[in-house]
Amino acid sequence: MNLESKIPEGPLAEKWSRHKFGLKLVNPANKRKYDIIVVGTGLAGASAAASLAELGYNVKAFTFHDSPRRAHSIAAQGGINAAKNYQNDGDSVFRLFYDTIKGGDYRAREGNVYRLAEVSVNIIDQCVAQGVPFAREYGGLLANRSFGGAQVSRTFYARGQTGQQLLLGAYSALSRQVTNGKVKLITRTELLDVVVEGGKTRGIVTRNLITGKIESHSAHAVLLCTGGYGNVFYLSTNAMNSNVTAAWRAHKRGAFFANPCYTQIHPTCIPVKGDYQSKLTLMSESLRNDGRVWVPKTKEDAEKIRKGQLKATDLTEDQRDYFLERRYPSFGNLVPRDVASRNAKHVCDEGRGVAATGLAVYLDFADAIKRDGKKTIEAKYGNLFEMYEKIVDDNPYEMPMMIYPAVHYTMGGLWVDYNLMTSVPGLYALGEANFSDHGANRLGASALMQGLADGYFVVPYTVGDYLATIGPADKVSVDSPAFKEAEQHVSDMTQRFLSIKGTEPVDSFHKRLGHIMWEYCGMSRNAEGLTKAKGLIQDLKKEFWSNVRVTGEGDEMNQSLEHAGRVADFIELGELMVDDALARNESCGGHFREEFQTEEGEALRDDANFTYVAAWQFQGENQPELLNKEPLEFENVKLTQRSYK
Amino acid sequence: MKINLKVWRQKNNNTEGKLVEYQLDKISPDMSFLEMFDVLNGELTKKGEEIIAFDHDCREGICGSCSMYINGRAHGPQTGATTCQLHMRSFNDGDTIVVEPWRSRAFPVIKDLMVDRTAFDRVIQSGGYVSVNTGSARDANETLIPRSIADEAMDAAQCIGCGACVAACKNASAMLFVAAKVSHMAVLPQGQAESTERAERMVAQMDAEGFGACSFTGACSVECPKSISLDHIARMNREYLGAKLTSTNVQG
Chain A
1 MNLESKIPEG PLAEKWSRHK FGLKLVNPAN KRKYDIIVVG TGLAGASAAA
51 SLAELGYNVK AFTFHDSPRR AHSIAAQGGI NAAKNYQNDG DSVFRLFYDT
101 IKGGDYRARE GNVYRLAEVS VNIIDQCVAQ GVPFAREYGG LLANRSFGGA
151 QVSRTFYARG QTGQQLLLGA YSALSRQVTN GKVKLITRTE LLDVVVEGGK
201 TRGIVTRNLI TGKIESHSAH AVLLCTGGYG NVFYLSTNAM NSNVTAAWRA
251 HKRGAFFANP CYTQIHPTCI PVKGDYQSKL TLMSESLRND GRVWVPKTKE
301 DAEKIRKGQL KATDLTEDQR DYFLERRYPS FGNLVPRDVA SRNAKHVCDE
351 GRGVAATGLA VYLDFADAIK RDGKKTIEAK YGNLFEMYEK IVDDNPYEMP
401 MMIYPAVHYT MGGLWVDYNL MTSVPGLYAL GEANFSDHGA NRLGASALMQ
451 GLADGYFVVP YTVGDYLATI GPADKVSVDS PAFKEAEQHV SDMTQRFLSI
501 KGTEPVDSFH KRLGHIMWEY CGMSRNAEGL TKAKGLIQDL KKEFWSNVRV
551 TGEGDEMNQS LEHAGRVADF IELGELMVDD ALARNESCGG HFREEFQTEE
601 GEALRDDANF TYVAAWQFQG ENQPELLNKE PLEFENVKLT QRSYK
Chain B
1 MKINLKVWRQ KNNNTEGKLV EYQLDKISPD MSFLEMFDVL NGELTKKGEE
51 IIAFDHDCRE GICGSCSMYI NGRAHGPQTG ATTCQLHMRS FNDGDTIVVE
101 PWRSRAFPVI KDLMVDRTAF DRVIQSGGYV SVNTGSARDA NETLIPRSIA
151 DEAMDAAQCI GCGACVAACK NASAMLFVAA KVSHMAVLPQ GQAESTERAE
201 RMVAQMDAEG FGACSFTGAC SVECPKSISL DHIARMNREY LGAKLTSTNV
251 QG
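Residue numbers (full-length UniProt numbering), protein chains in the order written: chain A, 1 to 645; chain B, 1 to 252.
Calculated from the structure, these hints are not laboratory results. Hints may contain errors.
[As the list claims (entries may be wrong)] Using 25 angstroms as the maximum straight-line C-alpha spacing, the simulated DMTMM-like pairs for lysine to aspartate or glutamate come out as follows:
#1 B/K244 <-> A/D507
#2 A/K511 <-> B/E43
#3 B/K26 <-> A/E553
#4 A/K184 <-> B/E209
#5 A/K213 <-> B/E49
#6 B/K6 <-> A/D394
#7 A/K252 <-> A/E562
#8 A/K390 <-> B/D38
#9 B/K11 <-> A/D394
#10 B/K47 <-> A/E553
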């Protein structure tokens, strides 16, 4: 199938404005004749729902949380990038574009990334106007800090709670539209199917999580703003309820899933401690501005540390290996995430890891405290240090932090064109749920930027083009056979879960899936391991459907049932991720195939054969998926071996 | 560690609830409080019993979902932390721990430890925003906001909306929650245009939701996982009084 990316013609810097001019408009008086469903109320969903309602559309916003404010965007710590160049340090829209394309290892679309950089400046203006309390200098101007993969300071932040403040900003805009009657907010309700009829998206089927009621909602367009799928690994920095279900069920109704194997492993997370662990906690990348990453130079010292015979502070400077500074003198501790993570894994594999498990490296603030004083460090990172101390029970002002990479973000997602429309007309995907802007690796502080760019500044324009094309009459009633069929499908699935009555809790399957994914499709992959993983996942799927235990009933609040549906989808997605990783015989960004690396152990791309987006097409239950390729064209940047030396 | 739990079980809002006892051993002190509940739910599932429903999500103290009333304190014995940030090392081997949902008329129980906090959303919907449409903002640096003001706003804005303030208050008052939002907007220049109306509308909505009155005992601030200061309540009172004196809303 030919994938139409709809990237506009013309010079890079003019693509978006030309495209906007070419889009059809809906007359202000006609906007009220259109209904739009927004699923998910994180940064992308809340900003889209609010902006579309402001334009005059009727919006129904769905969240499975009790409030839009709980979406996982709230947990983003470090910041949001924007090409404001307030620091006069050489930043520009083009530089942000370039850094993002390069950071993504040349596996994203030029046109999309440039647009992202272009609207980044509007996002900051919008958020400040909403009352988002970004960090300021004494004189009252906005403050910035640096993030990985960039040599300019372009990251705006609100202490270590930037995501929270941006989400509360979008949530306030959404709340205003609820009051204005333009948004109907539907909470504690989960999407379980997307309804497609006559080649167009007609609405969704949901389950009310309190009453268990299955309901249909029809609309002219549906926007999935449902986040990423990092929880396929079980342990990740994602919130416990983050899941792939909305995207996956849409996939099964015809939306292509792009680059599923591109997952981001974040280098600075609190290491795993025990088998009971339910999630991993991120320590913001901003810490790498001042923290120095190191391990002992020798295996012997590392072993003594692991056994508790030596402390980190016992080692002198020349007994330490600041491996990032040594290998990448120009970017140092601020190399992109994929590079930092792989290097941490590498030194631990060499036997130089610390912590009892040997799976940790140090992030040391001693020099920064000596240089700037404890007070300055506290002002910058106080809440992160506190968070660390609460979890680990160790004081990072005195002892270096221990960190290890963990699954954090998924660059892959539903395939969308330049208008953010999936391969199913009328179905859109925004934010982390789509694949579009980060290529094979996302730079720090770019997720918030993308979520808000999509919601505030892209989709409000592009969705109008589709609506104007179809017209207000082109809508299907919830009583139509397409909705009834989808409702039946969802009810059947619920019954199936409840009737298995096996012996193993849902959580245990999720954990086992996570182990398989982390072991064989995690930070580094190889063909042999991936092939093995495919078999293991297929076995797990069979066992799940014959031995899972779901307690409670379908017509009540039932967290066991909710989790079962999500894990069932994760298992299927896991298999597709493995297929994708196997099909991509190169290394790029977060996808590191051991067979394809440079002599120095860096990711080795194969541009001649793999400069494409892998868009997978569902072919039916238990059928192999079909790989569609969208070639990536680069006219403005030269593809080079990424170097951060 | 061995732990005896007494957990509030309630099928739904229409049935009566009761405390049910559970025993757990082999609990690691490094486990978080919610991970201990995961273990318990795993055991219940294996026995074919229904699991305990509780709200939780980010498990790093920011989403505000978790809401357990532990041994008579909102979010348990630690201060400045949510339930998910509480670890079993805060308890002793053999301890009995009583776990209840938030107790407030404005937060009806949905099931077990899960309550309905949508009253908070309706309070925000009544005025907790700046009316600015997407695309109509001017350059972010055109309005100077001194660092001390930005910091003050941030101190208030970091409220996670968990409802611990309500749960901790003997009157189930939501003053700290409402004050945090009013105060956040009141100190910033962006919030000025609507400040009068905002204070009036948010306080009216708070009352309509059935939250109790504030008697300024300060329990809310002590139990607040973000340690939001009572100063914000003082500021809201001033905003509200000012609003009442200067309001153009003559209908009261």
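We went through each hint and held it up to the structure:
no.	hint	in the structure
1	B/K244 <-> A/D507	violated (54 angstroms)
2	A/K511 <-> B/E43	holds (16 angstroms)
3	B/K26 <-> A/E553	violated (30 angstroms)
4	A/K184 <-> B/E209	holds (19 angstroms)
5	A/K213 <-> B/E49	holds (22 angstroms)
6	B/K6 <-> A/D394	violated (31 angstroms)
7	A/K252 <-> A/E562	holds (19 angstroms)
8	A/K390 <-> B/D38	holds (20 angstroms)
9	B/K11 <-> A/D394	violated (41 angstroms)
10	B/K47 <-> A/E553	holds (16 angstroms)
When held up to the earlier numbered hints, the structure conflicts with 1, 3, 6, 9 and fits the remainder.
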